[in-house]
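S.K.: In case you want the letters, here they are:
Protein chains: 2
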Amino acid sequence: MPVDVSKLSGGSLIIAWQLKDKNVLLVGGGDVAAGRIENILIADARITLIAPRSGLHPQTKAYIDATPRITYHDRTFAGPEDLAGVDMVLTAIDDVETSREICAMSRALKIPTNVADIPPSCDFYFGSQVKRLPLQIMISTNGKGPRLAHLIRKKIEDSLPAGIENAIERVGELRTKLRERAPGVGGDLGKKRMGWMTDVCNTWELDDLALLDDAAIAKLLDDGWEKGEVPRPDEIFSTAKRAGQIQLPFSSLVPMAVGFFVGVACTAAAVHRLSARR
Amino acid sequence: MPVDVSKLSGGSLIIAWQLKDKNVLLVGGGDVAAGRIENILIADARITLIAPRSGLHPQTKAYIDATPRITYHDRTFAGPEDLAGVDMVLTAIDDVETSREICAMSRALKIPTNVADIPPSCDFYFGSQVKRLPLQIMISTNGKGPRLAHLIRKKIEDSLPAGIENAIERVGELRTKLRERAPGVGGDLGKKRMGWMTDVCNTWELDDLALLDDAAIAKLLDDGWEKGEVPRPDEIFSTAKRAGQIQLPFSSLVPMAVGFFVGVACTAAAVHRLSARR
Numbered sequence: 001m002p003v004d005v006s007k008l009s010g011g012s013l014i015i016a017w018q019l020k021d022k023n024v025l026l027v028g029g030g031d032v033a034a035g036r037i038e039n040i041l042i043a044d045a046r047i048t049l050i051a052p053r054s055g056l057h058p059q060t061k062a063y064i065d066a067t068p069r070i071t072y073h074d075r076t077f078a079g080p081e082d083l084a085g086v087d088m089v090l091t092a093i094d095d096v097e098t099s100r101e102i103c104a105m106s107r108a109l110k111i112p113t114n115v116a117d118i119p120p121s122c123d124f125y126f127g128s129q130v131k132r133l134p135l136q137i138m139i140s141t142n143g144k145g146p147r148l149a150h151l152i153r154k155k156i157e158d159s160l161p162a163g164i165e166n167a168i169e170r171v172g173e174l175r176t177k178l179r180e181r182a183p184g185v186g187g188d189l190g191k192k193r194m195g196w197m198t199d200v201c202n203t204w205e206l207d208d209l210a211l212l213d214d215a216a217i218a219k220l221l222d223d224g225w226e227k228g229e230v231p232r233p234d235e236i237f238s239t240a241k242r243a244g245q246i247q248l249p250f251s252s253l254v255p256m257a258v259g260f261f262v263g264v265a266c267t268a269a270a271v272h273r274l275s276a277r278r
Numbered sequence: 001m002p003v004d005v006s007k008l009s010g011g012s013l014i015i016a017w018q019l020k021d022k023n024v025l026l027v028g029g030g031d032v033a034a035g036r037i038e039n040i041l042i043a044d045a046r047i048t049l050i051a052p053r054s055g056l057h058p059q060t061k062a063y064i065d066a067t068p069r070i071t072y073h074d075r076t077f078a079g080p081e082d083l084a085g086v087d088m089v090l091t092a093i094d095d096v097e098t099s100r101e102i103c104a105m106s107r108a109l110k111i112p113t114n115v116a117d118i119p120p121s122c123d124f125y126f127g128s129q130v131k132r133l134p135l136q137i138m139i140s141t142n143g144k145g146p147r148l149a150h151l152i153r154k155k156i157e158d159s160l161p162a163g164i165e166n167a168i169e170r171v172g173e174l175r176t177k178l179r180e181r182a183p184g185v186g187g188d189l190g191k192k193r194m195g196w197m198t199d200v201c202n203t204w205e206l207d208d209l210a211l212l213d214d215a216a217i218a219k220l221l222d223d224g225w226e227k228g229e230v231p232r233p234d235e236i237f238s239t240a241k242r243a244g245q246i247q248l249p250f251s252s253l254v255p256m257a258v259g260f261f262v263g264v265a266c267t268a269a270a271v272h273r274l275s276a277r278r
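Protein sequences appear in the order of chains C and U.
Mapping the first sequence onto the numbering used here, position 276 (from 1) lands on 276, and the numbers just tick up by one.
Mapping the second sequence onto the numbering used here, position 45 (from 1) lands on 45, and the numbers just tick up by one.
If we strip away everything but chain C, and leave its shape as in the complex, we get (with noise of 0.2 Å):
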């Protein structure tokens, strides 16, 4: 089985880093600060913010009074004394020279590091990003085409399922559950566990999935898993609760209007001539 791995390169290595509890340094405070902001608190870290008040964005203000996970200093980055117990440096600020110097201490450190603009400085690069947590996803063009990355981004929110971090939350908790029913790692059962939820994640549709409330998980398990078959979402739920519930994407109404009016034109454009004829 020969490999072609003249194709492979390239890219980045695209991770989901766990930041819980860690500490993240962020020097500046502008626009760019800002939406550092947000990806870092959805990562459930605490920042130590270092930027004068006067450079503050409003949005980056607004965190900083929303919450105490941000530790706030109103002044320039002092020194390598800054980077006690961080681990991880972001830096968006203007001072190219100021950056840099950041960046050599906290590699010196080795501490990951990210300097807004300077890509050579960076142990790593953020992309566009659609968040729908749990779910995140990540579109990185590897500095190529930003605004495509972008677009695609767009696209691909638009396409999401509306409702859809409901159903992967209902099924992390149909895992936990089973999890409780049969417990262990790794082995037959672990198997056994993996076959089923892949199953279920195949055969039901994610507006199903995102109704799973604890009784549902319940019946489930019991009719399911414990008979080691997939019952169907009408045999779970009450009529009532999927009622109405299925919905055609926005994105097949505007052909299918296409087509139907092509149709009805059709239609009648050959009886107009069919009668013409008689």
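Accuracy of the hints is not assured; some may be wrong.
Identical chains blur together in the list; that is why a pair holds if it fits in one copy or across any two.
Calculated lysine-lysine pairs in the BS3-like style (CA-CA distance at most 25 Å, straight line) [claimed, not checked]:
{"#": "1", "residue 1": "Lys192", "residue 2": "Lys219"}
{"#": "2", "residue 1": "Lys7", "residue 2": "Lys131"}
{"#": "3", "residue 1": "Lys20", "residue 2": "Lys110"}
{"#": "4", "residue 1": "Lys110", "residue 2": "Lys22"}
{"#": "5", "residue 1": "Lys131", "residue 2": "Lys154"}
{"#": "6", "residue 1": "Lys131", "residue 2": "Lys110"}
{"#": "7", "residue 1": "Lys192", "residue 2": "Lys177"}
{"#": "8", "residue 1": "Lys155", "residue 2": "Lys131"}
{"#": "9", "residue 1": "Lys177", "residue 2": "Lys191"}
{"#": "10", "residue 1": "Lys154", "residue 2": "Lys219"}
{"#": "11", "residue 1": "Lys154", "residue 2": "Lys7"}
{"#": "12", "residue 1": "Lys61", "residue 2": "Lys7"}
{"#": "13", "residue 1": "Lys219", "residue 2": "Lys191"}
{"#": "14", "residue 1": "Lys20", "residue 2": "Lys7"}
{"#": "15", "residue 1": "Lys219", "residue 2": "Lys177"}
{"#": "16", "residue 1": "Lys22", "residue 2": "Lys131"}
{"#": "17", "residue 1": "Lys61", "residue 2": "Lys22"}
{"#": "18", "residue 1": "Lys22", "residue 2": "Lys7"}
{"#": "19", "residue 1": "Lys177", "residue 2": "Lys20"}
{"#": "20", "residue 1": "Lys191", "residue 2": "Lys154"}
Hints are computed from structural coordinates only; laboratory data are not their basis.
Put chain U on the given structure of chain C with help from the hints.
M.R.: The following block gives chain U in isolation, referenced to the frame of chain C:
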């Protein structure tokens, strides 16, 4: 402008880690390791692979044979000396105890580490990924529904226009050529460059961007950038080049066909009723 930070939680920091010419230690050679190898090669890193030959997956073997970027050692992990000069550690072995020991050693050296199947020993997780280099899209459900992440990846893959990677490459080339014409970092010129690129990406279809060869890029810069305008694709390309290139995505064809036949049926029924009345 008060912000609600209560929902900013439960996620990860999704980043594009840079590994060009870095050294990645991979311990283990099974099917999970084979997947890791592809991800690392894409990011242009070198790999040191430590795993007894008896446990190598055929795909792992194929990678070892295919590229000098993998240095293979037919043995088990030997100790801290295996971590010298290493920039990232990935383990994919069944031995939980050894995995945890490797993790402890590499964390002591502040080397970013991922241990397959043991989340608490991971600085970062992997997710489902669309790889259409230079485009990379990563889908994470933050551990709630890996199977759903896989389904979402397939949906995104199906919805991406054919040739999107070419469009991104060509836009990257256009940016490079534009920077050669109007060099310099930041300032008003930087803003003007970014604004013009944004206008091009917003007004041109991906299909047209993918057609940008060197001649078309030169013409677009001459007739567009130099005059502060964004020419239409038909002003840049000969008619022949664009002919037959406009395609409806398959996802539109089905609803359009459904609409067409419903339209035909409705009109025929209406005509039939009218004729019957006469």
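S.K.: Does each hint hold? Answer for all of them.
M.R.: Here is what the structure says about each hint:
In the homo-oligomer, the alpha carbons of Lys192 and Lys219 lie at most 25 Å apart inside one protomer (19 Å), although the nearest pairing across protomers, at 60 Å, exceeds that limit. For the identical chains of this complex, Lys7 and Lys131 are inter-copy neighbours only, at 11 Å across copies versus 30 Å inside a copy, given an alpha-carbon limit of 25 Å. In this homomeric assembly, Lys20 and Lys110 come within 25 Å of each other (Cα to Cα) both inside a single copy, at 19 Å, and across copies, at 17 Å. Taking the closest pair of Cα atoms, Lys110 and Lys22 come within 25 Å of each other both inside a single copy (15 Å) and across two copies (14 Å).
Taking the shortest alpha-carbon separations for Lys131 and Lys154, both the intra-copy value of 11 Å and the inter-copy value of 18 Å come in at or below 25 Å. Within a single copy, Lys131 and Lys110 get their C-alpha atoms no closer than 29 Å, and across copies no closer than 29 Å, so neither meets the 25 Å cut-off. Proximity of Lys192 and Lys177 under a CA criterion of 25 Å is satisfied intra-copy only: 15 Å inside one chain copy versus 55 Å between copies. For the homomeric pair Lys155 and Lys131, the shortest alpha-carbon distances inside one copy (14 Å) and between copies (17 Å) are both at most 25 Å.
In the homo-oligomer, the alpha carbons of Lys177 and Lys191 lie at most 25 Å apart inside one protomer (16 Å), although the nearest pairing across protomers, at 53 Å, exceeds that limit. Taking the shortest Cα distances, Lys154 and Lys219 never come within 25 Å of each other, neither inside one copy (38 Å) nor across copies (29 Å). Taking the shortest Cα distances, Lys154 and Lys7 sit within 25 Å of each other only across copies (21 Å), while inside one copy they are farther apart (28 Å). For a Cα distance limit of 25 Å, the shortest separation of Lys61 from Lys7 across copies, 18 Å, qualifies, whereas the shortest one inside one copy, 45 Å, does not.
For the homomeric pair Lys219 and Lys191, the shortest alpha-carbon distance inside one copy (22 Å) is at most 25 Å, but the shortest distance between copies (59 Å) is not. In this assembly of identical chains, Lys20 and Lys7 lie within 25 Å of each other by CA distance solely across copies; the values are 15 Å between and 36 Å within a copy. In this homomeric assembly, Lys219 and Lys177 come within 25 Å of each other (Cα to Cα) only inside a single copy, at 12 Å, whereas the closest approach across copies is 62 Å. For the homomeric pair Lys22 and Lys131, the shortest alpha-carbon distance inside one copy (21 Å) is at most 25 Å, but the shortest distance between copies (30 Å) is not.
Taking the shortest alpha-carbon separations for Lys61 and Lys22, only the intra-copy value of 22 Å comes in at or below 25 Å, while the best inter-copy value is 38 Å. Proximity of Lys22 to Lys7 under the C-alpha cut-off of 25 Å is restricted to the inter-copy arrangement: shortest distance 18 Å between copies versus 37 Å within a copy. In the homo-oligomer, the alpha carbons of Lys177 and Lys20 lie at most 25 Å apart inside one protomer (24 Å), although the nearest pairing across protomers, at 42 Å, exceeds that limit. Taking the closest pair of Cα atoms, Lys191 and Lys154 come within 25 Å of each other only across two copies (23 Å); inside a single copy the shortest separation is 37 Å, beyond that limit.
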